[in-house]
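So the sequence lines, in the order shown, correspond to chains B and Z. Just so you know, we're using the numbering used here here: the first sequence kicks off at 2 and counts up by one. Just so you know, we're using the numbering used here here: the second sequence kicks off at 3 and counts up by one.
Just to be clear, a hint being listed does not mean it is correct.
Derived pair list, reagent style BS3-like, types lysine-lysine, alpha-carbon separation capped at 30 angstroms [as the list claims (entries may be wrong)]:
no. : chain 1 : residue 1 : chain 2 : residue 2
1   : Z       : 5         : Z       : 256
2   : B       : 67        : Z       : 43
3   : Z       : 8         : B       : 108
4   : Z       : 8         : B       : 92
5   : B       : 92        : Z       : 5
6   : Z       : 84        : Z       : 154
7   : B       : 67        : B       : 179
8   : B       : 90        : Z       : 154
9   : B       : 108       : Z       : 5
10  : B       : 90        : B       : 108
11  : B       : 216       : B       : 4
12  : Z       : 84        : B       : 67
These are computed hints drawn from the structure, not numbers from a lab.
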Amino acid sequence: MIKINNLHKSFGKNQILKGLDLQISKGGIIAILGPNGSGKTTLIKAILGMVLPESGTILIDEHNIKKGSSYREQIDYLPQLANFPNNLKLKELLRMIKDLRSRESSKDQELINLFELTPYLNKKLGHLSGGTRQKVNLVLALMYDSPLIILDEPTSGLDPVSLLHLKELLLQEKQAGKTILLSSHITSFVEEMADELVFLLEGKIYFQGSIEQLKQQSKQSNFERAIASILEQ
Amino acid sequence: MFKIIKYSFYDLMRSRWSYAYLLFYLLLSFVLLFLNSELSKAIITLMNVITVLVPLIGTIFGIMYYYDSREFTQLLLAQPVKRTTIFIGQYLGVAISLSMSLLIGMGIPFIIYGLFGSSVIWDFSLLLVTGVFLTFIFTALSFYIGLCNENKIKGFGYAILLWLFMAVIFDGLLLLSLVYFNDYPLDKFALVSSMLNPIDLSRILILLKLDISALLGYTGAVFQKFFGTSFGLILSLLTLLLWVLVPMWGIKRKAKRKDF
Numbered sequence: 002m003i004k005i006n007n008l009h010k011s012f013g014k015n016q017i018l019k020g021l022d023l024q025i026s027k028g029g030i031i032a033i034l035g036p037n038g039s040g041k042t043t044l045i046k047a048i049l050g051m052v053l054p055e056s057g058t059i060l061i062d063e064h065n066i067k068k069g070s071s072y073r074e075q076i077d078y079l080p081q082l083a084n085f086p087n088n089l090k091l092k093e094l095l096r097m098i099k100d101l102r103s104r105e106s107s108k109d110q111e112l113i114n115l116f117e118l119t120p121y122l123n124k125k126l127g128h129l130s131g132g133t134r135q136k137v138n139l140v141l142a143l144m145y146d147s148p149l150i151i152l153d154e155p156t157s158g159l160d161p162v163s164l165l166h167l168k169e170l171l172l173q174e175k176q177a178g179k180t181i182l183l184s185s186h187i188t189s190f191v192e193e194m195a196d197e198l199v200f201l202l203e204g205k206i207y208f209q210g211s212i213e214q215l216k217q218q219s220k221q222s223n224f225e226r227a228i229a230s231i232l233e234q
Numbered sequence: 003m004f005k006i007i008k009y010s011f012y013d014l015m016r017s018r019w020s021y022a023y024l025l026f027y028l029l030l031s032f033v034l035l036f037l038n039s040e041l042s043k044a045i046i047t048l049m050n051v052i053t054v055l056v057p058l059i060g061t062i063f064g065i066m067y068y069y070d071s072r073e074f075t076q077l078l079l080a081q082p083v084k085r086t087t088i089f090i091g092q093y094l095g096v097a098i099s100l101s102m103s104l105l106i107g108m109g110i111p112f113i114i115y116g117l118f119g120s121s122v123i124w125d126f127s128l129l130l131v132t133g134v135f136l137t138f139i140f141t142a143l144s145f146y147i148g149l150c151n152e153n154k155i156k157g158f159g160y161a162i163l164l165w166l167f168m169a170v171i172f173d174g175l176l177l178l179s180l181v182y183f184n185d186y187p188l189d190k191f192a193l194v195s196s197m198l199n200p201i202d203l204s205r206i207l208i209l210l211k212l213d214i215s216a217l218l219g220y221t222g223a224v225f226q227k228f229f230g231t232s233f234g235l236i237l238s239l240l241t242l243l244l245w246v247l248v249p250m251w252g253i254k255r256k257a258k259r260k261d262f
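Construct the complete structure from the given sequences, taking the supplied hints into account.
Okay, here's the thing in structure tokens:
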């Protein structure tokens, strides 16, 4: 599904990605972990073509992402910060995204009901609270049936009920055979959801495998401690 | 492209500031027309407003809109839309909505006061055309500055400085150099340097069209000889167009190479 080869990226003097290689096969939930500033968001943005790497190639389904923007039809993305044009109403924003992608969504109504956003449909986006914005963000990210879903910190600002809904939704998508790439700092969320871990450290992949393998490698029985032990090394 | 323009335009049409801007022009034009009820005199006063205020509003709106919509731009960047489409689309959305405020705000009062029956309709049209050009030019410049500066305060500062330079400092420098090099023939130099500043260019264009170039003294005669001809008019309009296209090209170039 995703093939990344020798990816380099720096911002000014600050080298973020230093020759990163990564292969992700189709299907399942893959969690990207790593300390703050390890390049998780940079990696995600590079896949989306928002950050332009200095060198290296990114192939998505054998398609080099440098060649045109149409490959993004196949990707749903949830950005870390949810901010929308303040003067648009929620209803209009949804219509606009559908219009831009020139595709009708089959699931938007279902998602709106699930996250209880119906009362906000006619409200201006500038008046929504942070948590509600995140829900809107989720609806936008999940309303299409794209084979690749990329979520940057999907849990931030969500109340427990919505978090539960999110988990169910992700499991459904996984069952439908989709590839879900997510970054999160909430270890319990990752432990519960992820089939595969990608651990970023100092601009490279430090570890890739299942949670069990990580525990074995670090000789810890507890997932949280396993992560901590990597960071302390 | 059209879709992005449409939505940026809607977004702005709904903001209070667009209406404040529209209302300002409505009020200004009505008051001016009420006070001297002669269209041509009102046009001269409006020219002074247009050549200073329109660039300022274009600059501020452009830079504010760019920074305000950054997160939203990120959402758009993840959609299957080309980068240049997003930025040029947003730019055109802002520029078109500002131009609409200008056209409507000044158009309605003048039409009510009998513009169509009057002889100054062409002068007035030229005033509007340069106003629209200035809106497009300064919005593009401020978008470009926004793209080049991640830091909001810096970007804002540069944009305002640019406006200040074009509206005030440039004239001062020009005047100084004209006085300093007084002994040399300066007509060509004055002509070319006025081309280098869209605000000056617009002001001269309107002044000459209004046939008050006598106010400009000797240089007025030179300018009249050049700008008064249709060749001069066309060349000036082309220069203004170039002033729109060059920053737009800059936006395109910058947008292609930027990380978000």
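Okay, the hints, checked on the actual structure:
The straight-line distance between the Cα atoms of residue 5 of chain Z and residue 256 of chain Z is roughly 22 angstroms, inside the 30 angstroms bound, and the hint therefore holds. Restraint check for residue 67 of chain B and residue 43 of chain Z: the C-alpha separation of about 57 angstroms exceeds 30 angstroms, so the hint is violated. Distance restraint check for residue 8 of chain Z and residue 108 of chain B: the Cα-Cα separation of roughly 25 angstroms lies within the 30 angstroms cut-off, and the hinted pair is therefore satisfied. Straight-line distance between C-alpha atoms of residue 8 of chain Z and residue 92 of chain B comes to about 16 angstroms, which keeps the hinted pair within the 30 angstroms bound.
For a cut-off of 30 angstroms, the pair hint linking residue 92 of chain B to residue 5 of chain Z stands: about 16 angstroms separates their Cα positions. Restraint check for residue 84 of chain Z and residue 154 of chain Z: the C-alpha separation of about 24 angstroms stays at or below 30 angstroms, so the hint holds. Restraint check for residue 67 of chain B and residue 179 of chain B: satisfied, since their Cα atoms lie roughly 23 angstroms apart, inside the 30 angstroms limit. Between the alpha carbons of residue 90 of chain B and residue 154 of chain Z the distance comes to roughly 26 angstroms, so the proposed pair stays at or under 30 angstroms and holds.
In summary, the hint linking residue 108 of chain B to residue 5 of chain Z is supported, as the alpha carbons are separated by about 23 angstroms, within the 30 angstroms threshold. About 19 angstroms separates the Cα atoms of residue 90 of chain B and residue 108 of chain B, which keeps this hinted pair within 30 angstroms; it holds. A distance of roughly 26 angstroms separates the Cα atoms of residue 216 of chain B and residue 4 of chain B; the hinted pair therefore holds under the 30 angstroms criterion. For the proposed pair residue 84 of chain Z and residue 67 of chain B, the alpha carbon gap of about 12 angstroms is at most 30 angstroms, so the pair holds.
When each numbered hint is compared with the structure, a violation occurs for hint 2 only.
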